[in-house]
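Top to bottom, those sequences are chains A and B.
Mapping the first sequence onto this note's numbering, position 10 (from 1) lands on 15, and the numbers just tick up by one.
Mapping the second sequence onto this note's numbering, position 100 (from 1) lands on 213, and the numbers just tick up by one.
Keep in mind that the hints were calculated from the coordinates and are not lab data.
Virtual Cβ for every residue (Gly too), placed ideally from N, Cα, C.
Wrong hints could be hidden among the right ones.
The calculated EDC-like cross-link candidates involving lysine to aspartate or glutamate, where the alpha carbons are at most 16 Å apart (straight line), are [what the hints assert, rightly or not]:
1. B/K120 <-> A/E184
2. A/K196 <-> A/E181
3. B/K118 <-> A/E107
Computed beta-carbon distance windows for the label pairs [claimed, not checked]:
4. B/A308 <-> A/I22: 58 to 64 Å
5. B/T186 <-> A/A248: 44 to 50 Å
6. B/F320 <-> A/E83: 46 to 52 Å
If you want the building blocks of each chain, they are given just below.
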Amino acid sequence: MSRKTKGLITKIVIFIILLGIAYAYLHPLIYMVSISFMSMRDLANPIVSWIPTELYLDNFKTAWKVLDVPNSIWDSIEMSIIPAIFQTIVTALVAYGLARFEFPLKRLIFFFVIAAFIIPVQVTYVPKYILFARLKLVGTPWSTFLPAMLGQGVKSSIFILLYYRFFSMIPIAFEEAAEIDGANRFEIFYKVILPMSIPMIVVTFLFSFVWYWNETYMAAVFNGDNIKTLPVMLRDFVNRYTAMFPTRDASVENRINEGIRMAATLITIIPLLIVYTILQRRFVEGIERAGITGE
Amino acid sequence: MTMMKKKTRRAITGYIFVMPWLIGFILLTIYPLFYSLFLSFQDVNFSTEGIKTTFVGLKHYNYAFRVDTQFPTLYVQSLIDIGLSVPLIIIFSLIIAILLNQAFFGRTFFRAVYFLPVVIISGPVLSELLTNRALSIVDPNSFFVYRFLSTLPSFINFPFLYIFDNLITILWFSGVQIVFFLAGLQRISTNIYEAAQIDGANAWVIFWKIILPLIKPFVLVNAIYTIVDLSSFPNNPINTSIATNMFNFQRPYAYSSALAWVHFLTTLGFILVALLLLRDRRRAL
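So here's chain B without its partners, still in its complex pose (with noise of 0.2 Å):
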C-alpha cells in the first residue's frame, strides 16, 4: 500500500474529488437523456407493476409534426424566436459593450443595469410583465418607419418589425453577453489603436480590422450561450408543449419525450450553425 505510486494515488484521489459529479452524471443526465430517447419510440401504459412500453416506432414523432393541431405552429414559433434573436442579442451586445468601454463616465452604473434583467428574470415575471404590456416601450406605431415597414412584403419587413416588437425583451436577454463581450474588449490593448489612428484607420476599419478579429472568440461563446439560454427558458413554447404534454392521457410520457428530443436537435442544429459561421477560419486552413 505505502509502495504504491504516486501517481496512481494521485489518479484515486482525483476521481474521489470528480465522483459525485461522475455518479450525477451518468444517474440525472446519461441515463435520462437516452432513456427520453427511448420513450420516445414506445407507447406508455400504466400498470400495477409501473410501466409498460411497446414499441411503436416513430409514431409521435408522425403524430407532432402531421397530426397535432398545435406543435408545429409552436415548433416553427420557436425556430424563429431563436433564429431572429440570437443574432440580435449578439449584435446589440456587442454594439453596447463597445459603447460602454469607450465611456469615461458612469461605465459601473450602466453595466450595474444591463446586467440587472439576469438576476429578475424567470418564466412567470417575463410573462407577467409581456401580458401586461410592461415590456411595450412606445407605441411602434407612432414611428413613421414601423408604418412604412408594415406596408412592405412580409418576407421583407419582418426582422426589422420583430426588432420594434421585442426590443425590451431581446435587450433583457443581452445582460451576459454585454459583460463577456466587455471583458473580451478590455484585454485589446489600447496601444493597437492608437497604433492604428496613426497609420490613420478611423473608428469603422478599427471595428472591422481590429475589434472584429480580436472579439470572435467571444462571439462564438456568446452565440452559443445565447442559443442554451433561450431554448432552456420555460417560456419557450416547445418547452411549454413538454411539460403540458407530460401527462397527456393518450400518449403519457412518450409523446413529451419525443418533442424532447425534437428540441433537443434543434439545439443542436443551432449550435452547429453557430460553430460553422463562427468558426475560425485561419485555423480550418
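Excised from the complex, chain A in its bound form (with noise of 0.2 Å):
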C-alpha cells in the first residue's frame, strides 16, 4: 500500500472516531428533543424509540406555565445581562492595572488572583450570606451584582488572566503616543485600549453571562423567593409540577412524566443554544487563547 492511500484510511478512521465522540456529545439533547414532544402513549410504547408518532405540544404548555416562563426569563435575562456587563468591565480594569503598571505587592496582588480561582464558592457561601442578610441584600438582585462590581463573580480570575494576556500583547507605543498628546492613564484606557480590545471584550462577555444563566447555587438561596431564574426553577420543578397539578388519586392523569421534564430542560437551555449556534466561534476561539495563557 503506498504512503498515501495509508495517510487518507488514517485520516478517515479518525473522521469516523470523531463523528462517533459528536454522537455521544449530542445524544442527550436529541434524546431530550424528542421525548419533550412524546405524549404519555408514545413514552409508554415501547415501539416509539426516538421519532413521536404525532406532533404533541402539550409538555411544553404545561412546562412554560410550571416553569412561568413569562417571568423566569426576565429574571433569568436581568441576573446575567447586568452582571456580566459589570464583570467584564472591572476585570478588565484590575487586568490593566496589572498588567501595565508596576507598584509594591503587584506580585503578591497576582498571586492572590489565581488563588482565588482554585477557592470553591461554597466555601465562603455561610458568611457572603450573613453579610448580605446584613446589608440588606438578601432577595435584592444586588447579592449578585456587588460581587460582580467588586471582581468576585463567577470565575473573575479567568477573565482577568485572559485579559492580562491580551493588554500585554498590546504594543506599548500606542499608549505612549497617546501620553505625549496629553491623555491621562484612563483616558488612554478608555479611548486608546477599549477599542483594540473589543474581541477580548465580547468572549468575556459572551461566557460571563452563560456562566452567570448557570449558576444556581447562590441564586437559589441569594436571591430570594421574587426573583427566580429559569435554571433556579427548572430546579425546583419537580415540587412546583406537583403543587401546581396535584393527583387525587393513584390514576396517571396529571402525573408528572419525562416528557414534560426534558421540555423543561430544553426551555431552560434554548436561549443558550440560540447564543452559541450564532457565536459558537468566538466562544472556542476565546477558551483558545485562554489555553496559551495557562502556560
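Quick one: dock chain against chain with the hints and give me the complex.
Here is the structure:
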C-alpha cells in the first residue's frame, strides 16, 4: 500500500471516530428533543423510540406554565446580562492595572488572583450570606451585582488572566503616543485600549453571561423568592409541578412524566443554544486564547 | 505635587485600577474564607442583637465524620467522583484533541460540538438529564465487556464500570480541556514530527517522546481547572450538604462552615497531588 492511501485511510478512520464521539456528545440533546414531543401514549409505547407518532406540544405548554416563563425569563436575562456587564468592565480594569503598572505588592496581588480561582464558591457561602443579610441585600439583585462589581463574580480570575495576556500583547507605543498628546491614563484606557480590545470584551461578556445564566447555587438562596431564574425554576420543577397539578388518586392523569421534564429542560437551555449557534466561534476561540495563557 | 515622582504617580494609578478588585477580594473572599473557618469552631445562636457564638472546638468536624449518618457517604462519593473523573477527563480530552489535530475535515464543526456542553451545563440541567436517563447512551449490560467486568472483584472493575456508567458526563465536562489541549498541540511545529518520522519514529514513539513532554504544562493547567470545576459544581454531594445544612436548626451556619472547610482542604489536597504528579521534574532537579 502506498504511503498516500495509508494516510487517507488513517484520516477516514479518525473522521469516523470523531463522528462517533460527536454523537455521544449530542445524544442527550437529541434524546431530550425527542422525548419532549412525546405524549403519554408514545412514552409508554416500546415501539416508539425516537420519532413521536404525532406532533404533541402539551408538554411544552405545561412546562411553560410551571416554569412561569414570562416572568422567569426576564429574571434570567436581568440576572445574567447586568452582572456580566459589571464583570466585563471590572476584570478589564484590574487586568490593565496589572499589565501596565509597577507597584508594590503587585506580584502578591497577581498570586491572589490565581489563588481566588481555586477556592470553590461554596467555601465562602455561609459568611457571604450572613454579610449580605446584614447589608439587607439578600432577596435583591445586588447580592449578585455587588460581587460582580468588585471583581469577585463567577470565575472572574479566568477573565482577569485572559485580559492580562491580551493587554500585555498590545504594543506600548500606542499608549506612549496618547500620553504625549496629553491624555491621562484613564483616558488612554478608555479611548485607546478598550477600542482595541473589542474581541476580548465580547468573549468575556459571552462567557460571563452564560456562566451567570447557569449559576444556581448562590442564586437559589441569595436572590430570595422574588427573583427566580429559569435554571432555579428547573431545579424546583418537580415540587412546583406537584403543587400546581396535584394527583387526587393513583391515576396517571396529571402525573409528571419525563416528557414534561425534558420539555422544561429544553426551554431552560434554548436561549443558550441560540446564542451558541450564532456565536460559537467566539466562544471556542476565546478559550483557545486562555489555553495559551495557561502556561 | 507636580514634583511627585513619575514612578510614584504610576504606582498610585496602578492601585486605582486594581482597587475595586482588591476591596472585593478582601471583603468577599478573604474575610468570608476565614470567617467560615472561625464559624466552624463555634456554636451559633441567634439573639436580638444578632449572632452569638460560643467556642466548641472540633465538635462540628467530629459530628460530620462520626455522628452524621449521611455526610461520610457523600464525602467518599465526592472523593471517588473527583479522583476518578479528573484523570479520565484529562485522558479523554487529550485523545480527542490529538484526533482533532489530525483531522483535515470538519475540525471546526467537531470542536463546536465538543464545546457545546460548556455553554449549556448547569446543576439543574444535568440532574434533569440524569434522572430522565438522557445521559445513558446505551445500556452497558448489552456489552460483553461490561458483563465480563461485572463478574470481577469490585476493586478491579470499579474504575472501568465507572467509565461505562458516566461516559457522557465525563465527556460533557471535557469541553474546555479539549480546546486547551488543541491550542497547545497547534503550537508544536510540524517540523518536529517530520524530523522524527525521518528518524524512523512511529506514531506511538512520537506521542510519548514528543507530544507528551511538550503538552505537559497544559496537562497541569487542565488538571487544576478540572478539579476546581468539579469541586464547585452545585451537584457535587458535598456542596449539596453545605446548602442543605446552612439553616439546620440544631447547628445553623456553623456546621455548613465546617463542611465547607473540609471541602476546601480536600480541593487543595487534590490540587497538591496534581502538582506533585505533573510538576516539571527537570526543573526540580
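Comparing the hints with the structure gives:
Among the hinted pairs, B/K120 with A/E184 is consistent with the structure: their alpha-carbon atoms are about 15 Å apart, no more than 16 Å. Of the supplied pair hints, the one linking A/K196 and A/E181 holds, its CA atoms being roughly 13 Å apart against a limit of 16 Å. Between B/K118 and A/E107 the alpha-carbon distance is near 13 Å, which keeps this suggested pair within the 16 Å criterion. Under the hint 58 to 64 Å, the C-beta atoms of B/A308 and A/I22, about 27 Å apart, miss the expected range.
Against the hinted window of 44 to 50 Å, the Cβ-Cβ separation of B/T186 and A/A248 comes to about 30 Å, which falls outside the hint. Checked against the hint of 46 to 52 Å, the C-beta distance between B/F320 and A/E83 comes to roughly 49 Å, which is consistent with it.
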